[in-house]
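Participant: Chains R and X, in that order, are what the protein sequence lines are.
So the first sequence is residues 1 to 242, counted in this note's numbering.
So the second sequence is residues 1 to 190, counted in this note's numbering.
Read the hints as simulated data drawn from the structure, not as lab findings.
When the alpha-carbon atoms are kept at most 35 Å apart in a straight line, the in silico DSBU-like pairs for lysine-lysine are as follows:
#	chain 1	residue 1	chain 2	residue 2
1	R	LYS30	R	LYS12
2	X	LYS3	R	LYS12
3	X	LYS142	R	LYS231
4	R	LYS145	R	LYS231
5	R	LYS30	X	LYS101
6	R	LYS231	R	LYS30
7	X	LYS3	R	LYS231
8	X	LYS3	R	LYS145
9	R	LYS12	X	LYS142
10	R	LYS12	R	LYS145
11	R	LYS12	R	LYS231
12	X	LYS142	X	LYS101
13	R	LYS145	R	LYS30
14	R	LYS12	X	LYS101
15	X	LYS101	R	LYS231
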Amino acid sequence: MTDPIIRHYGPKAYADHPPFSYPDYRSTVKRAPDHDLLTIVQTLSETTGPGPVWTEVSEEDADLTTNAGTGQPAIGERIIVTGHVLDEDGVGIPGVMLEIWQANACGRYVHWRETDFPAPLDPNFIGVGQCVTAESGEYRFTTVKPGAYPWGNHPNAWRPAHIHFSLLGPSLGSRLVTQMYFEHDPLFPFDPIFNSAPENTRPRMVARYDHDVTEENWALGWRWDIVLRGKAATPFEEGDET
Amino acid sequence: MTKPGETPSQTVGPYFSMRLSGEGQNILTEDEERIVITGRVIDGNDHHIEDALLEIWQTGRSGRYHHPDDTRDLALEPDFIGFGRAATDFDTGVYRFETLKPGPVPDAEGQNQAPHISLIVQGRGMLNPVFTRIYFSDEAEKNADDLVLRSVPESRRGTLVAELQPGTDPPEYQFDVRFQGEDETVFFDF
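Bound conformation, chain X alone (with noise of 0.2 Å):
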């Protein structure tokens, strides 16, 4: 018997936001300790895109995600499932998750990456999804270790790292996606 070959991808197209990233599904936590990541994503013209996907998937404080495979004896947030969804907005092109931090996750080796969320971006026009991470600007030192952000080319390491705005409370980090010209977001095979 042959196997079966993946399914192909398809766009999203215009109307996605049907069912996915309705109502709520950007805000992940109201824990009083909560973080607000927020940008736009831009195209090969340097216009926002009006109509993005964006899907986050991130650990909890502790470092441990809540899916079956992570074994670890870490405590897990109650009512923290690590998943969100959200679509840019038609008139701004911005979009805005409230989260949580994210804790340390082994990396190939075993030694802590550096925080980090995963992050899924599709849309109109986009035939397939494209997959890249979100470090924070304020977590330096643990950035200079990781072995993901290490394996990138020094001049693009930047377009991974969400930059914490001063004085914003809750704390706001900036992080947008470019999909083409000089800043263009690194995205991931893996």
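So here's chain R without its partners, still in its complex pose (with noise of 0.2 Å):
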């Protein structure tokens, strides 16, 4: 029997991330953990993921101009968002199945549950989209700058513009879901989801506007690389000594 390749995982940069109670952020109190977390050696379990073989997509799913398959474009100020999934020595990671969704150009998201903004519907945007990355971590998708909208947090509460991402990485350690914003978006200061993240850590969650991004006649560009647990460290074969 062939002997299973164990990568090994460093531990994750939990400093790097919010913690799970963030009372600015009311809902999390009554969602956080209130024991430590229990830390386990790595096996098999945990060593791999979903990743490598939840990856079917079509090229269309990249488009959320198009992909809502009515024939005509959804409105809004058309955006070229690309990067690169790294790895935490910088290399890409081929294969991380990414998953969006956004509310569309005015501020609203097609889903059932109720909600008091009185923003349109866009019939031609569904606000969904997915992708695969290449051999050398690329990842690219179009569509249109979400709008800012209300939520119920605090008196006046408003999230900054702001794209959900899905990410499946080569392992289930790896697994991050996150969200991209805009920068110099006027709402960071009064955003307690955005500053949940320790302060030097935040600006990895910004796009910066990339001119050679930006394609003539067509749509702005913003490029933002994401960074998953995980070194480019090499494999061992398991009952090697480490």
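Starting from two chains that each stand alone, build the complex the way the hints lay out.
Facilitator: So, in structure tokens, the structure goes:
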């Protein structure tokens, strides 16, 4: 029997992430564990994950301005969002599934859940897309810039414009769901979700305008790299001395 | 050159089901010998969470993961990836998976672990995912030898064991996730 490959990942950088409980974002308080996490040794159950097999996409899925399939383009400022998915050594990770969801240009989501926000829906925009990173780790979406929208966390609360990103990396421990923001958003100081991340890591969630990505007479370009837990370590066979 | 740090986690928010947990993502198999895993996710007020996302990762019957690192010469069921997603029901808080009972996977010492499913829970109001495992109440003997379960204080081990419901067909296991309180689920760091 061939031994499996056990790729031991270094410890998660908890200090780079928000705490579980962050009272300024009210609903975290009763949805955070009270106990400390219990540390366990990594086995195949932790060092593998669905990333390499959950990869079914078509090319149309990466263009949210047309993937509603109505034949008409979505309304809003057309943008390109591109960058690389990297490991902690800065090496691109191929085959990562990115799934995104976002509000339309007016700040409305296509979701059955009720909202009091009287912003229009766009019949030509479903707000959902997916793509898989190339060999270099590069990904690329075309979409419309999402609008800011109000929420009920505190009086006059507004979320800065953002796109939700879900990433399935090579292992369970590299699972990441995050949000991409747009640089210079005036709502940053007022948003407890953005500010739940430590001050020094908040810039890692912010896309930069990149004129080299912008396409003439077509779309404005934004660049954002995403770093998943894990290093480009050499794997070893089970039973090897470490 | 400085190395890039991890991108911080953010909540999935209330609208994740636009993409994650879409239709059929909770049905991993239609095999005749499938099992059902169902339950609720409970917050610190003892209320069910109406917008939680559960993701499971597991082997098929042989114990081999559908992953390039699992190079063991064991059978993989065709059409069984071992990954699924479910959202809790907005009104009842109940989630449901239909899947296969997983096989044995080696532990850090090379012995077989008890059958288990890795579970990731996220939701609105959760800034990070939590990781836990689902074990099975009808595997008491294997559970007693399992290195991970044995590392959990005895009084909390039960929070990781799904209870087989008598008389159910397909066999239905009940597994609730509790964030706080006396029966708080054990969540892992690895």
